[in-house]
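J.: Here the protein sequences come in this chain order: A and B.
417 is the number that the working numbering gives to position 417 of the first sequence; each next residue is one higher, with no gaps.
Each position in the second sequence, counted from 1, maps to that position plus 485 in the working numbering.
The set of hints was computed from the structure by calculation and includes no laboratory data.
Nothing here was measured: the structure is a model prediction, and the numbers come from that model.
All C-beta atoms in this analysis are idealised placements derived from N, C-alpha and C, irrespective of residue type, glycine included.
Be aware that one or more of the hints could be misleading.
[As the list claims (entries may be wrong)] Residues on chain B that point at chain A, a partial pick, calculated with CB under 8 Å:
(1) L974
(2) M977
(3) E1180
(4) D1267
(5) W1283
(6) P1294
(7) I1306
(8) V1602
(9) M1603
(10) T1609
(11) P1613
(12) K1626
(13) R1630
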Amino acid sequence: MAKLGGFLEIPRVEASKRKVEERIKDWKELYVPFTDEYLLKQSARCMDCGIPFCHFSCPVSNVIPEFNDFAHRGQWKEALAILESTNNFPEFTGRVCPAPCEGGCVLGINDKPVTIKNIELNIVEKGFENNWIVPKPAKAKTGKKVAVIGSGPAGLSSAQQLARLGHDVVVYERDNKAGGLLTYGIPDYKIEKWVVERRVQQMEAEGVKFVYNTNVGVDVSVEDLDKNYDAVILAGGSKKARDLPVFGRELKGIHYAMDYLSEQNKLNAGEIDEISINAKDKSVIVIGGGDTGADCVGTATRQGAKFIYQIELLSKPSLDRPQDNPWPNYPQILRVSTSHEEAKECLGGACKGDEDVREWDILTKEFRGDENGNLKEFVAVRVEWKEDEKGNKKMQEIPNSEFKVEADLAFLAIGFVHPEHEGLVKNADLKLDARGNVEANEIDYMTNKDKFFVAGDMRRGQSLVVWAITEGRQVAESVDRYLKK
Amino acid sequence: MGMGIPKEQGLYRPEFEKDNCGIGLVAHIKGEKSHNIVQKALEVLERLEHRGAVGADPSTGDGAGILMEIPHEFFRRELNKELKEHEYGVAPIFFPQNEEERKQVITIIENIIEEEKQNIIAWRDVPVENKSVGVEAGRSLPIIKQLFIEKNKDEKNFEARLYIIRKRIENAIRELEITEREYVYIPSMSSKTIVYKGLLLAEQVRAFYLDLIDPLVKTAVAIIHQRYSTNTFPSWDLAQPFRYLAHNGEINTIKGNVNWMSAREPELYNEIFGDEISKLFPINKATGSDSANLDNALELLLLSGRTLLEASAMLVPRAWEKDKEMEDNFKAFFEYHSGLMEPWDGPASLAMFNGEELLCMLDRNGLRPARYLITKDDILILASEAGTQDIAFEDVKEHGRIEPNRIMYINIKEGKRYTSEEIREKLLNKPYREWLEKNKREINDIPNANRTMKNKEESTITRLKAFGYTREDLQINLAEMAKNEKEPLGSMGNDASLGVLSKHSKHLFHYFKQLFAQVTNPPIDPIREDIVTSYTSQLGVKGNILETTEDKSKTIKLNSPILTNEELNKILSLDEEDFKAKEVSILFENEKESLEEALERFFVEVEGFVDKGYNIIVLSDRGVSKEKVAIPSLLATAGLHHHLIKNKKRVGVDLIIETGEAKEVMQFATLIGYGALAVNPYLALETIEYMSEKELYITKGDVEKKQAKFIKAVSKGLLKIASKMGISTVQSYRGAQIFEAIGLEKSVVNKYFTGTASRIEGIDIKGLEKETIDRHMKAYNDFLVEDETLENIGDYKWRKNGEKRLFSPEVVASLQHSTRINDYREFKKYSKLIDEQGENLATIRALFKFKNGNKSIDINEVESVEEICKRFVSGAMSYGSISQEAHEALAIAMNTIGGKSNSGEGGERPERFTDNRRSAIKQIASGRFGVTTHYLVNADELQIKMAQGAKPGEGGHLPAHKVSEEIAETRHTSPGIDLISPPPHHDIYSIEDLAQLIFDLKNVNPQARVSVKLVSEVGVGTVAAGVSKAHADMILISGYDGGTGAAPLSSIKHTGLPWELGLSEAHQVLILNNLREKVRIQADGQMKTGRDIIIATMLGAEEYGFATAPLVVLGCVMMRACHTDLCPVGVATQRPELRRKFVGRSEYLINFFKFVAQEVRELLAELGFKSLDDLVGRTDLLEMNKAIEHWKAKGIDISNILYSPKVEGHIAKKCISSQDHGLDKVLDQKLIELSKIVLENKEKVEINLPINNINRTVGTMLSGKVAKLYGSEGLPEDTIKLNFKGYAGQSFGTFGMTGITYTLEGQGNDYIGKGLFGAKLIIKAPKNVSYKAHENIIGGNTCLFGAIRGEAYINGKVGERFAVRNSGAYAVVEGLGDHGCEYMTGGRVVVLGETGRNFASGMSGGIAYVYDVKGNFENKLNKLMVNNESLDSKDKEELKNMIEKHYKYTDSDIAREILEDFEKHLGRFVKVIAPRYKELLAEGKVK
C-alpha cells in the first residue's frame, strides 16, 4: 500500500491549470506541470484495495495500485514498468481519458477518488524526461508481415505490440500524420501534437513503417493487401458522423464538429495556412453535450467567439450519482470541463464569469438562414423526459416552449454512427453488425475474411481512446497467435 | 455390521480415526500381588466411565481393558498343571466366529509355534458372559481363547521368541484368505503380562471376563484404559491397553513415524535377534491406531534389550533444547538419541508395564492429565483424574501429578520408586556427552567451500519467470519476510479457485492443503510455548535404533532446515567416510523425455549413488534454460522419498533440496513434510538481493541480514504449520505428510505421495508436465525484448485476467446495488454471476448439475421464505473485528427474519441481551473473551469454535491499538493491551475434554443448544462423529474459503478445504456410525445464493451460515485490510472517523436473505420438493456438469462427494431426535432445590454435601440460574454457601456466579473455577491429612481458565496452566505447574510456592506475585511480554491482604508461616507485570 491510512490524512487536490485569461490566448496544454510533492501526496491516498475497482474499471487494465505505490515512493521507473505493462500510450490516456478508473476508485464511495490520471501522466512523462522510454525492437524477426490500416490509438497500439513481437508492420494512414483523432480531432490544448509524434518516432525505431496519405481500399487494393501481408488489421475508426436532418441543415455555417476541430489543429501544426471555419466574433451554437461539443466550445473561445451556446437533448445530470448509476460505474454527474470554465468566463474576449453556456433538455427544431444561405438563427424547443409504464424514458416537447437564438455557426457534435463503408469495407466485403460496425468478437477480433482483423472504433463503434488502445493490444495478441499457428 | 473399522468409502478415510480416553493404574509399589489390585483397577475404570463414550447403541462402549501380571496361581489351578512362573507364556487370542475358519487359524498358530521350537501346553476357552456385552459389540463378538506356550529349555530369550511367534502369526494371518480375518487378534503373548480387553463399557469388563472376579487372579500392577473413539465401529482389537502400554492422547506425527520405522527395517540389527530380525517385519502397520503403533515400536525397543526408561525416553523425549534447568549431561542423552529417532509427537499420557518396571509419563507439553496418590501402605493409584478410588485422606501419603515431560518410574521387583535424579543416573549409562563432543559437529564447524556451478545460470529475472514468481511473491511475500521476519497477513478469506480449477499454471504446492488439529488433539502455540519447540535438524541420523554405540553420535547439526548458500556449499563439499554428498540435477529436457520418464531416470540415478555409498543427496534445479526445465521440486522430493522407502534404501540417506521454487512457507512445509531434511531456496535468497539492489519493495543494503530474516520467518512459519497439528519439532514433522492432496489423480498420489488422501482426484502426471512446461516457457520468448516486469495473477488481490475470484468487482457491485434498492431482478444478475461460472471455475459446486427428470411443482406448494430464513445464521464475527454498527445491523436483520446471528468471539454488550440487537448464538472461543455466565445464559445456542475457516489451528492476536474502551469493556479486559487468543482451547485437548465443555455449557444454560464449529479437512467426518458422541446438538462444518478474520496469508490459502468436501464427509461418516439422527449439521463458507443452499442441503446440511456476503451487503468492498483497522467503509474498523462512513442497514440484509430464500423456493419447486428438509442428503439428484470444458477440472471425480453410505434401513439420514445430555442426574438439581429459597427470596443458605469425581461441573447450573434471575450483578457475597467434602469432579465451580461461595475440603480435578464470574472458591486440604498441603497437589490442570472476576483460595499445588486467560479473578495458590498465567490479561495471582516452566508467557495484563522459594524463578519466567520486579508499597499491601484472606479461608500452613514474619518473606516475592499494564495502572485506567 502506498501509505497506510494516507487517505485519512490527505484530501484530493485537483491538478493546477493555467489561468483562464492566459490559456485562452494560446493553444498550449492548459495544465501546469505537477510538482513531485503533489504527486507523492496524492498517490499516498491509494488504499491498495483487495479488489482494485480502478483497475477493474480501466479498459486497458492499468494496475493502478501498484504504480501508485511506486509513485508514492518516488520510484518512477518502477512505476513506469507497471504502467507500460498494460498501456502502450499512457501519455494519451493521461491527457484525454475521462478516467473511468477514478469513477471506480473505492475512495470515491464516500470521499473523493485518487487523482489516478494525473499520476499516470506524470509517470510516463518522467519516463520520457529520463529517457527510460526507449525503443524496444524485437530480438528477432518472425518474417511475417502485417498491415495496419489507420493510425489512431487502436492502430498504433496494435502496430507497436506486433512489431515488438518480431513482425514486420506497415501502418497505412489516409492523412499526412499519424494519430487519427488524437492528432486531428482533439484540440492541442488537451494534447499537443508532439506528444503523438514522440511516440510515432519510438515506433519507427522499433521497425514500424508508416505510409501516409494513402487510402487503403482505394490507393492500395484489397487484393494487394491480401497478397502482400500475412495479416491485416483494420483500425480506421468510426468516422461517419451523425447528422441532424432538420429543416435548414444545408445552410452555410453548419458543420460537423470534427471538420471544425481538425482545421484548427492543422493550422496549429502548420499543415495549412488558414482556416475556413472561424468563430471569431461569431455567435456559435454547439449541438451535443459531450466531449467533442466541449472541444468546439474551447476552440471557439480561443478563436474569439462572441457568443457560444451549447445544447444537449438529454437532461442535466445531477451533482451526485443517481440511484441507477451506482458505484463503481462511471458517474453520470454534471461535470464542468475546462472549456466550459473558459467559455463562462471569457466569451468575446472579455472575461466576466457568470453563466454556464450549456442548456439541457433542448431539441433542435430548425435552422434559419439569410437570403445567401448563411445560418442566422437556431430554433429549438424544450423537452422533458418521462418514464413510461415499462420504465423506459420517453421525451416529450413542452408546449409553447419554442425559442430561437441568433447563430452564425452551428457545430454538430452528436457522435459518429459507424465506420465509413465506402472503399475498404465494401471492397473487402466485410460483414457488418447491426449498427454498421465491422463484425468481430473480442476473443480473436477476426472479421469474416480470413487474415483480416478489426479493432477499435471500427469494431466497437465510437468510444474512448483507452478502449482503442485496449483493442489494439488485444487484436495484436490474436494476430500473433494467428501468425504463429 | 462386520468387524473392525470399515474400508475406505465415499469421502471416509479410515486412517483418520482417532481415539482419546482415560487411563489409570493401580500398583503395589513393593510388588505385592493381590486380587485387590485387580478389583481396585476395575473400580478406577468404572469411575472414569465419563471419559469414554458410547455410540448410537448405549450398551456398547468404545473399548476398555486391563493389563496386568500373569495370574500364575490362577492359571495353575485352571490348567491343573505344574507350571513354572515365567517359564510359559500366555496369549489371549480373538478368533473368528466361523468354526471352519477358526480351525484354519489355530492350525497356522500351532505350526508356527512348532517351527519356532516351543511347545503348546494347552488351549483354554476363556469363560465370558456374552450377555453382558452391548448389542453392537455382541454382533462382532469374537471367540476368545488363551493359548499356553511352554518355553523350550534351550531358549535363551523367551519373551523375544514369543514376540517372533506373534509377529509371524500376524503376518501369516494377513495372507490368509478367510472372510472373518478381521476377528483374529492377539491382545498379548508374554510370559510376564496379560491383557484382558474388548469392545466393552467400563463396567462390562468384569462382567464379561469371568476370570477377573476370581480371587486367585492376582497382580501387583494393573493398567486400565477407557477408550473414547471417534467412531462406533466394532473394533475389539483397538481397545486398550496394548501389550506394553496404555495411551491417552494422540500421536500427530504417526504417518512419518511409521514411514521412518519402515525405512529403518533394512538397517535394524542387534545380537538378540540376529538374522531372525526380518521375521518381525513389518514392525508397524500403517492401518493400526497411533497408540497401537507406538506400542509396536516400544515392543521392538524393549525386546531388543533396551530398558523401559530408555525406550520411553527415545520415543517421547523431553523438550531438552531450551530447558534452562536441565543438566548438561542429561541433555547429551537426549541429543544423542535425537540422532536415532524422531519424537513420536503429540499429547500423551502413557502408562507402561513390562512385568517388572512400571512407568508413567506425559508428553513435553503436558497436554493430558495424570493424577496419582500413594497410600501409606504403598498402593499407587494413578488416573486421568483424582478421586477414582474412595481412599480416606488420612491414609494418603502423597497426592501428586505426573508433570509434563517427566517420568514416574517404579521397579516392582526392587520395590522402589526412583527419584528424578536416580532416573537420570540410570539413563546416563553411556558417556553421551563425551561421544558427542568427539563426533558431533555443527554446520559452522565445516570449513567454507567454494562451488563451481555445473550449469551457467541465466539472469535472475529470467529464472524468476521460469519458476513462476509473480510480483505478489516479491511485494507481499518476500518483502514482508525480509523486512519484518514474519509472514504477511491478510483478511477476508480466500475466494480464489483451487489449483485444479484455476486456468493458470499452478505450482504443485497448490494441490496440497495443510491438515490441522481440531478436537481430538490440540494445536500448540509456537510463540508463547516455544520452549517445547525446535527446528534443529541433523545430517547423518542413523537407522539402527537397536544399538547404543559411539558411531551414532556422528551427526552434523543444522540450525534450521532452511539452508543458506554457504551452508549448502559446505554440505556439498563433504567427502568423508560418514558423510558423502552428491549433487543430482532435477532438470529435464522435455523435448527428449517426458516428466514421468525423467523422474524414473532420476530415481534410478539416485539409487545408484546411494548404492555407491553417498548418503547426502542434494537435489538441485539450478541451471534452468530454455531447453532444461525444472522438475517440480516437491514431486522430485516426495517421489524420491517414497521410491527409496519402497526399495529399502531410504534410511541413512539425507535428502536436501536446492530449489528455485521455494519462496513461501507452504512450499518449505510440503518439501519437509514429504521427506526433505533441508531446503536451500537459492532463488528466493537471490531475489532478496535483487530486490535490495533495485530497491524494489525493500530498502537497499544489508542483504545478508534480510536473507537471514527471511530464513527466520520461514523457520517460524514452519513451526507454526507443524504446531497447527500439535507437532512441536521439525524433526518429527519431517516426512509426517500432514497434508491432503486436492486435485491430483490417484496414480500421481499413490506413486509419488504414497499414503496421502486425494479424494476428488484431478490432474495426472501429464497434466503436471503441461503445467510445468507452460510456466517454464513464460520465461522464454524468442522475439520480445526481455523486460524486468513479472506478471501478477492476483493470488492475493483481485487482478483482471488473474485468478478467478467469486467476489469479483461485478459481484460486489451487483450484490450491493440489488439489496439496497430491493430489486430481485438485479439480484438475479448477481446470483447468475456466482452460479454460472462456466469454464472460469472457482468452486467445486460449480461442477455440479441438478439431474434432469425431476417433476417440478407449483412454487405455491413450497415452504415459505419465512420458514427457509429460520435456517439461516450469520457467521461468527466478533465485535472487535467488525464495527458496532455492522455487528448490530447483522443481529437486527437475523432477529427480524427469524434466523440467528452469532456474537463471534468477543462477547456482547449486556444491554443488547434483551433487545433486537441480541445475538441468539453466543460463541465460546479459545480466548474466552467476554464469556461471562450472564452472556452464556442469554443465548439460544452456545457455539464452541474449534477452528476458524481463515486459519484453523491458529490463535489470534487483537493488537493493543484496536482494543478500544468499548471493546475492552465487552471483553472484560483493559483498553490498550494486546489480546491473544490461544491456538487451542486450553480445556479441550482431546475429545473427552470437548464432551466435558459441552456438558459445562449445557449445565450453565440447559435451554441453549450446543454447537461445535469445525473446519473442513480430511477426517472432519471422523471428528464430527466423535463430536456427536460428545453430545453436541449441532455441528457446523466451515469451508476454508470463508473466514473474514485476519490471518497469515499462507494459512488463508493453504489450510482447510471447501465445505463441499467437509460437509459431505461429515454427513457420510455420521450415517456410517448411525450418529446422524441426533445431530444437526450446518455448513458455511462463501454461501452466496439459493443454489449454494440447495447444494449444501443435498450434501447433508440442515442450516446455513453466511458471513462474507452479508458484509458485502453492508458495504464491504473486499478491501482485505481488516487487520489494518483502516476499513474505508466502516465495516471492519473501530476508528470513529471510519465508522461514520458506514452506510449499511439491516434492511439491506433482510432483502438479501429474502432473495436467497426466494431462490431456494424457486429451485425447490423446480426440483419438485416442498421443503428443504426433504432434500437433506439427496446427493442422488446431483451429477457432474459434463458441459464444462476445463482441461484440469476434467479429471475431477465428484462421486466420492456424492456417495451415500449403504446402511441398514432403520438408520436415519438426517436429524430426527436429540441428544441425551444427562442433566437430570447432576448434583446441581439438588443444589437448586436446596437453594430455592434464595433464588426466590434472596435469603441466605448453606449446603453441606459429600462429593466425588463423578460429580462434574458442580455449581454451574445453579450459577446459570442466578445469572438468569439476577443478571450480571449476581447476589451479595456469601448468599449461597456450598460446602463439599471429597474429590470433586472436573469443572468444579465453573462459571461460578457472584454471591456463591464454594468450599471444597478434599481435592479437585481439572478446570476448577473455569470462567469464574464472581464466585468465591475455597479449596482446602482436609484437616486430617498427614502430608504438608503446600507440597501436594490439590487441583488439576487449567484451573481458573478464562476467569473474569471472583476469588479463589487454593490450599495446595495445582497442575498446568493455572489462571490462563484470567482477566480479573484474584487467586492464591500454593504452587503450580507449567505455563501458569499464560495469556493473562487482568486480575491477581499469588503463588506461595514453586511455579513450573514458562510462567506468564503472553501475559499482557494483571499482576502475579510469586514466592520464589528456591531462587530459580527467573529460569521459569517467560519474559516475552512481562518483567519481573520488586514490590512497591501498594503491592505489598495487596499481597498481604490476599495472603491474609487465604489464611482465613483455608487455614494454610504456608500462609501462616509467611504472615508470621511477613517482612522477612517479602524479599522473596517477585512481582510479574507487563510494562504496558503497569503504565495503565499508573494512569488509573485499570484496576
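J.: Each hint: holds or not?
T.: Checked hints:
This hint is violated: L974 (chain B) has a C-beta 13 Å from the nearest C-beta of chain A, more than the 8 Å allowed. The interface hint given for M977 (chain B) is met, as the beta carbon of that residue sits about 6 Å from the closest beta carbon of chain A, less than 8 Å. Residue-level restraint check for E1180 (chain B) holds (minimum Cβ-Cβ distance to chain A is 7 Å; threshold 8 Å). The beta carbon of D1267 (chain B) is positioned within 8 Å of a beta carbon in chain A (closest approach about 6 Å), and the interface hint is therefore held.
Using the Cβ-Cβ criterion of 8 Å, the hint placing W1283 (chain B) at the interface with chain A is satisfied: the shortest such distance is roughly 4 Å. The closest approach between the C-beta of P1294 (chain B) and any C-beta of chain A is roughly 4 Å, which is under the 8 Å cut-off, so the hint is satisfied. Look at I1306 (chain B): its Cβ gets to within about 6 Å of chain A, closer than 8 Å, so that hint holds up. Look at V1602 (chain B): its Cβ gets to within about 5 Å of chain A, closer than 8 Å, so that hint holds up.
Interface restraint check for M1603 (chain B): the shortest CB-CB distance to chain A comes to about 4 Å, inside 8 Å, so the restraint holds. About 6 Å separates the beta-carbon of T1609 (chain B) from the nearest beta-carbon of chain A, less than 8 Å, and the hint is met. With a cut of 8 Å, the hint placing P1613 (chain B) at the interface with chain A holds, because the nearest CB-to-CB distance is about 6 Å. Annotation: K1626 (chain B) was flagged as interfacial toward chain A, and the flag holds, the nearest CB pair being 5 Å apart, inside 8 Å.
Checking R1630 (chain B) against chain A by beta carbon gives a least distance of about 15 Å; that is not within 8 Å, so the hint is violated.
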